[in-house]
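A.B. asks: As a plain string of letters, each chain reads:
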Amino acid sequence: MNKIANKTIMNNVLIEEAAKDKDIIVLCSDSRGSAGLGPYSKEHPKQFVEVGIAEQNLVTIAAGLASCGKKSFVFSPASFLSTRSMEQAKVDVAYSHTNVKLVGISGGVSYGELGMTHQSANDIAIMASTPGMRVYLPCDRFQTEKLLRALLQDKDPAYIRIGRNAVEDVYEEGNVPFELNKSTLVQDGTDVTIIACGEMVQGAKAAGALLKEKNISARVIDMYCLKPIDEEAIIKAAKETKLILTVEEHVKIGGLGSMVAQVAAENAPVKVVSIGLPDEPAIAGKSAQIFKYYGLDAEGIVKKISELL
Amino acid sequence: MNLKKKAYELRKDVVDMIYRAKTGHIGGDLSVMEILVDLYYKQMNVTPENFKDADHDRFVMSKGHSVEALYAVLADRGFFPKEDLKTFAAFGSKYIGHPTNKVNGIEMNTGSLGHGLGVGVGMALAGKMNDKNYRVYVVMGDGELAEGSVWEAAMAGSHFKLDNLTAFVDRNHLQISGTTEQVMNQKSQETRWAAFGWNVIRVPGNDLDAIDDAVEIAKKIKDKPTVIIAHTVKGCGISFVENQVGWHHHVPNDEEYQAALKELDERGAQYE
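Top to bottom, those sequences are chains A and B.
Each residue of the first sequence is one higher than the one before, counting from 1 in this note's numbering.
Each residue of the second sequence is one higher than the one before, counting from 310 in this note's numbering.
Everything labelled a hint here was simulated from the structure, so no lab data went into it.
The beta-carbon is built from N, C-alpha and C at its ideal position, and this holds for glycine as well.
Under 8 angstroms between C-beta atoms, here's a sample of chain B residues computed to sit facing chain A: (1) A363; (2) N410; (3) E416; (4) M417; (5) N418; (6) G431; (7) M432; (8) L434; (9) A435; (10) M438; (11) A462.
Facing chain A, a subset of chain B residues (Cβ under 7 angstroms, in silico): (12) S421; (13) H424; (14) G427; (15) V428; (16) V430; (17) S458; (18) E461; (19) A465.
The task is simple: from the sequences and hints, build the whole structure.
C.D. replies: Right under this line is the structure:
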């Protein structure tokens with residue numbers, strides 16, 4: 001089992017890059033520990049800004065810094081970043097077009113026992129519907145590193161959601177297919193397509209293997225780029241397989257499922273079924289328990305596809 | 310031109326823009342004018358030529374609805390042709406009803422209140438990090454101070470010891486629904502800012518000399534930001550607009566337009 005969380009990888013990459021580029025600034029609220037930024041803050045204290053429990057100001061200060069040439073990386077729980085400071089993300093980051101990368105940590109139901117205040121089950125919908133804001137949900141540490149290194153090269157706003165804990169690797173070290181804003185084909189298939197994002201990719205990949213044993217050929221797509229979404233891959237899947245199942249750690253309104261269905265409906269109508277979180281506060285528990293409860297794991301995906309075929 | 314007269318000439322541009330576009334926030338435009346004139350004609354190191362350089366002074370119009378006053382000043386300072394003011398708020402125009410950085414001379418988009426001071430904190434922090442000598446100026450409205458985010462930024466401004474940051478409060482005592490005291494009491498503003506660790510200066514806000522003196526004092530203060538509470542007159546310069554809550558965003562009719570221009574001419578003439 002991999003013990004390295006995606007946030008740890010981001011911390012490591014930023015330590016390395018900030019040493020070479022004094023314009024890289026990492027900001028956090030009172031989230032230094034939960035963002036895993038302790039090592040970064042010790043290594044680069046002059047490129048680290050802590051604003052206290054003030055998420056609105058966190059994002060606005062990051063934008064002000066960026067307007068003067070800094071490359072701001074903001075770390076705060078996804079639940080607060082995508083709601084408490086949403087207007088700042090909209091106005092000071094997306095609308096003013098500042099070089100701010102918003103990193104929503106402990107995303108989705110990572111804080112599964114803490115109630116709806118601490119869950120970000122609608123951040124994709126909120127952020128992706130904001131003009132000028134890109135949205136990414138990487139699945140494992142390898143993809144997170146590739147994504148971060150790619151985003152370090154541009155000056156455009158982006159929102160990146162990662163989970164709290166270490167997750168199983170989807171890809172292998174040294175073999176991480178990645179192209180910015182293009183989905184990754186995890187497994188090819190001809191009967192059905194499973195499109196997942198973030199931590200759901202792992203379950204989708206496992207489901208693909210389980211379906212193979214049942215003689216169902218499943219294509220598994222890692223749609224880590226929610227915006228801009230990879231329309232080409234969706235249309236291809238819609239034309240080549242008879243069903244698309246989307247899987248997301250997000251409510252079904254306005255998330256991956258909605259976006260995939262829209263692209264398919266406009267270009268190559270095919271049945272699209274979504275599994276996600278309900279339109280109510282999610283049940284309490286650890287992430288894995290919650291995923292299982294809502295069918296957001298390999299077993300749930302296989303069951304759903306078996307019912308639909 | 311004498312800058313006191315200049316402030317009245319620019320007010321005429323504001324009235325003209327609003328009369329032509331049939332929209333705008335005239336009251337706050339007129340109250341904030343001397344602050345802008347002092348900054349853009351005397352204090353700030355910012356020109357169309359150096360605007361993209363790293364060293365220029367920064368300005369953020371946090372009370373974004375006073376954009377007409379800012380456009381008038383920027384046009385007069387050569388950031389864009391004065392002729393462009395005629396397209397203010399027109400269909401498809403980039404000169405929209407709140408500041409946008411699509412317009413040359415404007416750093417950040419504002420409009421929703423309570424953002425500018427935090428932006429200024431970020432800009433001032435970047436100046437400290439980069440060992441730059443530029444200064445950062447932010448103008449807020451007094452009604453705006455009811456926004457909680459202002460106070461998050463106020464906390465950070467003193468915490469980071471940003472003596473390169475000067476904020477103005479256009480204290481005209483009126484907001485869209487009535488007096489600030491009726492809507493949400495602002496009487497203790499000086500005490501509040503001081504409690505947040507700021508150097509506080511109170512000035513008559515339509516007095517160009519007093520504003521300039523205050524900015525000079527702010528430049529000498531070390532280790533803390535300064536707020537200049539500028540006690541202004543909303544609608545300043547046009548007697549029938551002054552201190553009238555209804556003129557927050559009232560558009561002058563033909564008769565009022567002519568009367569406004571005439572009075573602004575007369576008042577400006579006293580400084581010739």
